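Engineer: Can you build the whole structure from these sequences, using the hints too?
Residue numbers (the working numbering), protein chains in the order written: chain P, 1 to 373; chain F, 1001 to 1423.
Please keep in mind that the hints were generated in silico from the structure rather than gathered at the bench. The structure displayed is predicted, hence computed values, not measured ones. Even glycine gets a Cβ: it sits at the ideal position worked out from N, Cα and C. Just so you know, not all the hints are guaranteed correct.
Unchecked claim - Derived list of chain P stretches under chain F, where covered just means 3 residues or more per stretch with a C-beta under 8 Å from a C-beta of chain F:
1) 34 to 48
2) 81 to 90
3) 141 to 151
4) 189 to 197
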Amino acid sequence: MKEVRIWDGPSARSGPPEPELTRRSFLRTGAAAVGGMAALAAALSPLRELALDQAPSMDQFLQKHYKEMTAAEMEAALDRIRKKVEERYDVRPHLRDIKPMEGVEFVYALNLSRCIGCRKCVHACVAENNQSRSPEIQYIRVIEMPRGTLDVEKGDHHYDRPTVPDAAHFYMPVQCHQCANPPCVKVCPVEATWQEPDGVTVIDYDWCIGCRYCEAACPYWARRFNFAQPKLPKEQLNPNMSYLSNRPREKGVMEKCHFCLHRTREGRMPACVEICPTGARKFGNVLDPKSEVSQILKTKRVFVLKEEVGTLPRFFYYFDERYPNSIDPEALAIAQKLREEEGDRYGQLPGAAGPDRAMIAATQPQWWDGRQA
Amino acid sequence: MVGRETGVKTYLTFLWRCFRLSFVGDYRYYAWMFFLTVFILLGVNAYCKQLVQGLATTGMTDQVSWGFFIANFTFLVGMAAAAVMLVIPVYIFRNRELHDLVIFGELFAVAAIVMAMLFVTVDLGRPDRFHHLLLRFNFPVSMLTWDVLVLNGYLLLNLHICGYLVYCAYRKRAPSRLFYIPFVFVAIFWAISIHTVTAFLYSGLGGRPFWNSAVVAPRFLASAFAAGPAFLILTLSVVKRFAGLDVPDKAFLTLRSVVAVALTINMFLLGSEAFTEFYTDSAHVASARYLFLGLHGRSGLVPWIWTAISLNTIALVMLYTPLSRRIGALQVACALLIAGIWIEKGMGMIVPAFVPTPLGEIVEYSPTLNETLVTLGIWAGGLLLYTILVRVTVPVLAGRLTYDQTFAAATGEVTAVGDRSVK
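Structural biologist: Structure follows, in structure tokens:
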């Protein structure tokens, strides 16, 4: 077969040059151009669905990084957010930018002998911090661990028992460990996340570009991404909020536990500490030698999870040495009382086995197709 | 006539002619471009849906937070770096056969980098905040900022080298060595750096034991230096056949040796990694076990990795036997190993690091239709760009489109061949 050259033959074949523009070629080019534009318009048509209140306003587009804003600029940003919250949720939020306190470094301690695995902390956190309810984003993951190991891979994230605690297991809640050497901060390309002087690693939700590198870097799986526009029913909004903590987020940005800094920087306890029925959770200022956490660090044999990754967590675990082989009897008695008052599944709201099922369902195409309709 | 024109005007005329030239070809050229355009538009459509609905349109979750997009990004950075496997023989070892072909490698690097950047962009949750990179750039701490720098730098280097050489041919000037040789040598080191930095993105994370290995960067380079030249073998044979470019058989055989050696090293490194993981058998082995054998009854990636290993093994055997001295068999071997390495680097390198999660949970990942369409759209866009670059470069370098000819004179034969002689 003769070799056919589609583009240029090596030997110039002299023929009459094509006229620049004939009627026929004009029509042909015109038809192709019109067809192309129509196809492009059709391809772009989903953009019509882009909700106007989700598109960034000019003020938001030009808003500076948290650390670069002057007091007046911050006030303007807060005002913009207040208006938006009011538009969406019909509530005027008590929104402010709360700075860290001098001489405070927050530390968390968790008594594994007292945790009964009721997951009340998980849900109190969601209610406090205005996470998306559908798909539900949770900052705390409680793992049911077999005795004799601290290897999380042997644990069960989706335990779903009529009653907890189970005698053969202990329960290990994990959330952001607020590391002193945080890999998530290191990897962020735009400095949208950083460690505050009081030890809390925070995110500027208006600065995050959503690359999820921090999520890949975290050894404790503490970071969450808004894969879809968060859905939060109006009546469930917590109006007490701050810029760096629980104000409502947009789709496409990261979020995580921030030690409830809108509470703790004003002298209150985090929601998870407050709700814990057994007092397994302890929180406070490690720079104050008389604080409870300072006493625990001094007197208990505390440890951190995955010490070998070297991130220096501010989140400590310990077992009560008095009860090496069982959950603290006092905690068991509290569990018994809860069972009597609230029924078997106390604290375990429907679908409480973790956000994954909702999340996975949410990421299937039929979910967003259905939402469009 | 031309002497009185300003340089800028001549250059703008050149660009305009290149643009017009990209619309000229015969029915097969149009069919190919139409085919690519269909996929580009499907990809644009899918991406618009993603913009509206968020990344929930992908198969990614908080557990497996990077997927197809980042896998393809990684693969393409390697393909871009692989241009250096043509540059080194020519500029350092003075290989004659490859001399006129280097530019096609460099042009492919341009297209591959553009695709890689598009993949990162579509992976962003907030592409509308892209400018934040310019305002607060976490350099040198974040490896991602290194990647932004080296990828853009590599793109500029290759655009300059190719653009300069092509434009010199258009102006019928001999290129001044000072204006491109230094850039060629910088580009050699730069090519290594882009893939090294991309590997460091992953290997620097202590929380992901599967990536936290010093062998990741060498493995990335080896697999790139196999897949890249293999892809060039395929494209050069297409260009030879359809555009009449003179590609000597010795050039293919030189590239064949490069591919064979690189693939051998890649498979050796994969074996070293597997040995270290499985013989040690520590807690770190979980991801590797999930990838190769399945973990706790979940084995979503097992067929992928064994397909990749099989494809690479068959390709390796073919490359080392005289069989692949025939161009047809060589093309088959190249196609197999490109597929093999694409799987190994994507589904076999990016995804398993997320399974199990750092807290031991197993959630599997597979791409959704929408995600796949975006991916195909970017690939189609990159191939379209590469086709145009080659389509313009071939006649200019052959001296058939120069500044002192009319455009019609340069394309007259093209339309003549395209429209009439194919019957």
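Engineer: With reference to the structure, classify each hint as holding or not holding.
Structural biologist: Verification of the supplied hints:
1. 34 to 48: Coverage by chain F holds here, the residue count being 9 at a Cβ distance below 8 Å.
2. 81 to 90: This one is violated; 0 residues, fewer than the three required, reach chain F with a Cβ under 8 Å.
3. 141 to 151: That given contact holds, which follows from 3 residues of the segment 141 to 151 of chain P lying within Cβ reach (below 8 Å) of chain F.
4. 189 to 197: With 4 residues in contact (Cβ-Cβ under 8 Å with chain F), the coverage given for the segment 189 to 197 of chain P holds.
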